[in-house]
Amino acid sequence: MKYKSQKIAQDFYTFAVLLFFVQIAVGIIAAFQFIWPDFFILNFNTVRTLHINALVVWLLTGLMGATYFVVPEESQSELWSIPLARFQFWATVVAVTVVVVGYIWMGLNPQANKFVFGTTLLNEGREYIEAPRWADLLIALSVILFLFNNFMTMYKSRRWTGIQGTLLGGLTFLTLMYLPGMFYTKSMVKDQFWWWWVVHLWVEGSWEVIAGALLAFMLMKVTNAPRHVLERWMYIEVALVLFTGILGLGHHYYWIGTPRYWLWVGGIFSALEPIPLLLMVWDAFRVTREHRVVSNRLGLFYAVAHAIFNFVGAGLWGVIHTLPMVNKWTHGTQITTAHGHLAFYGAYVLLVVSMIYITLPLIRGATEFNTSRGYRSFWWMTISMIFIVLTITGAGMVQTYMERLLGLDYVTVKANYNLWFWVFRAIFGFGFLYGVFLFVVDFFKLGKEPVEVPVKVASETTT
Amino acid sequence: MSNKGVRNLFIFGSLFFFVILLGLTFDTMSRIDKRAPEITEEVDQGKRLWHKYDCIGCHTILGNGSYFAPDLTKTTANKPVSYIKKFLVNPRKVNPRASMPVLGITEEEAEKIVAFLDWISKVDTNGWPPEPVLAAVPQAMAGGAAVYQKYDCSACHMIGGVGGTSGPDLTHVASRQPDPEWHRRHLVDPASVVPDSAMPPFAHLSEEELNQLVDYLLTLK
Chain A
0 MKYKSQKIAQ DFYTFAVLLF FVQIAVGIIA AFQFIWPDFF ILNFNTVRTL HINALVVWLL
60 TGLMGATYFV VPEESQSELW SIPLARFQFW ATVVAVTVVV VGYIWMGLNP QANKFVFGTT
120 LLNEGREYIE APRWADLLIA LSVILFLFNN FMTMYKSRRW TGIQGTLLGG LTFLTLMYLP
180 GMFYTKSMVK DQFWWWWVVH LWVEGSWEVI AGALLAFMLM KVTNAPRHVL ERWMYIEVAL
240 VLFTGILGLG HHYYWIGTPR YWLWVGGIFS ALEPIPLLLM VWDAFRVTRE HRVVSNRLGL
300 FYAVAHAIFN FVGAGLWGVI HTLPMVNKWT HGTQITTAHG HLAFYGAYVL LVVSMIYITL
360 PLIRGATEFN TSRGYRSFWW MTISMIFIVL TITGAGMVQT YMERLLGLDY VTVKANYNLW
420 FWVFRAIFGF GFLYGVFLFV VDFFKLGKEP VEVPVKVASE TTT
Chain B
0 MSNKGVRNLF IFGSLFFFVI LLGLTFDTMS RIDKRAPEIT EEVDQGKRLW HKYDCIGCHT
60 ILGNGSYFAP DLTKTTANKP VSYIKKFLVN PRKVNPRASM PVLGITEEEA EKIVAFLDWI
120 SKVDTNGWPP EPVLAAVPQA MAGGAAVYQK YDCSACHMIG GVGGTSGPDL THVASRQPDP
180 EWHRRHLVDP ASVVPDSAMP PFAHLSEEEL NQLVDYLLTL K
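Line by line, the protein sequences give chains A and B.
If you count by numbering that gives the first Met the number 0, then the first sequence holds residues 0 to 462, one letter each, in order.
If you count by numbering that gives the first Met the number 0, then the second sequence holds residues 0 to 220, one letter each, in order.
No wet-lab data here; the hints were simulated from the structure.
Check the hints yourself; a few may be wrong.
Said to hold, decoys possible - Calculated cross-link-like contacts (lysine-lysine; reagent style DSSO-like; alpha-carbon spacing at most 27 Å): (1) B:K85 <-> A:K113; (2) A:K189 <-> B:K121; (3) B:K149 <-> B:K220.
Please take these sequences and the hints and turn them into a complete structure.
Structure follows, in structure tokens:
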């Protein structure tokens, strides 16, 4: 760590890592509710809200932490204001905690979600952006403070690098795209239209831009590859992300009451969306091949895995059901759930985890650290996730065939024909939870425990 | 191309595509209301209740949402409205196998939610959800089976694994209730033999249809 203000990243990481564990724990409860709906004191809707909101919040706080590390590094200066960053951190923690308490309260007493000033008090009742309007404003304020602090750091240093410029650009786009979720429309069609602006232009737009910038940063950090080459490919990748992703939004407008031309717009552009993700994989492989001196093998391992699973989860698992003639049958089935799980894991979970493994040793001043737990965590998480995704994909295929093609009842298919998929999914959920547990332990111990001496397997022969 | 060149391509190219998106959004906004019925005060209040009870936390609507419970886009087209209203207030009272909990929805609120669901069912969704193309084409059925089909009893009831789950499974109904008079009274006025029944009365069946349907139900042993 070159600048002491980068230490603030650690606070954000800590909060993110703990929420990650909570997210998976409630995810397992939700998985059990598929088998046994009355399994838990809270209904499924509350448990799922916690599962997906914890995901979004921990990824965002993780990305904030990463940004607080990257910007001083790239600007070659201290952060503009450490107290502001600290205030922003605690404000985020307090706001998130209050919102979560609100969700649980509503879960125990649905009538508590009253209308106040024309909007609901505890839960907006819109997927992913369930946080009530007052919390939206606090979240927006927190993000604006965060952006301002980083922008001032760059402005003061007058050192505009491509990586931090793209990172800040992605984060600004992210903030702006929160706004279309902050007004009420009487028409459910318009409601979903604007809601997709937020959800799609986040995960298939601004977040992928951030991922492109961070991938370039990580590859540069661990391999010492030349900046100008990395930045050129980064620009090409993020450009293609937005060229395909902005109008790829159309694949959400096939069947929600919007005009028919979206079938063409969405079909064409979303079919191209995997291309930039494949380019990122190629980029990661190229850098790794050309620069053999690696300073943090575990970090690079995670970064490359992120590129691969971003392509597989967001790219391949997305494109299989993105064309209108396929989507007509699969829309609203478990196929989407399978895609959602692998895409979030590959594109963003592994991104934040790899950023943590690359920056945390520097923050803690560890020149070397034990990597065994990190690798074990990776395999537990990744193998479990692959099986979770395969079980849900299987469930989605059965559902599409039996419900959409044969016309069987939704409840029958879910309760009878898909039962074993739910059971297997829950079992692999525990595997994933164990992987996360190893990661959380590793996060707290990294750089703080004695480093094991590497064991030589074969002694060199001397003649 | 220099790095500055690709950077500019990124920035101005992205702006170009964003401007196209804005144009399409503007156009779409001017067309959406024409593709759906008018939004009455009751429909709007129903939508607000949809949000209040976080229905999307379990259900999908227009195919988007939580995949835990049935999609509600075409609910009023597929189920009797009287059933939906009773179900919303106390799901397990009308369907003991239902997973949905009691949320405290009042009868008045249920009316509004149904108005909202009815509005949704009339939105032009470009043909989604599609008709099940592989569904068994009913053979030229005669007698009671044809009546069963004519009045779409399978929207709520199941026989041999085919049909809905809202009402009781009828695969072995004659073993449970062999009395033809009971069936006759039940069809004409369900609440007269099953208190709090959520099934709508089928008093509009002709005498012949009624006889055929009862005969058919009695074969299901």
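Now the hints, each set against the structure:
{"no.": "1", "hint": "B:K85 <-> A:K113", "verdict": "holds, 23 Å"}
{"no.": "2", "hint": "A:K189 <-> B:K121", "verdict": "holds, 15 Å"}
{"no.": "3", "hint": "B:K149 <-> B:K220", "verdict": "holds, 22 Å"}
Consistency note: the structure conflicts with none of the earlier hints.
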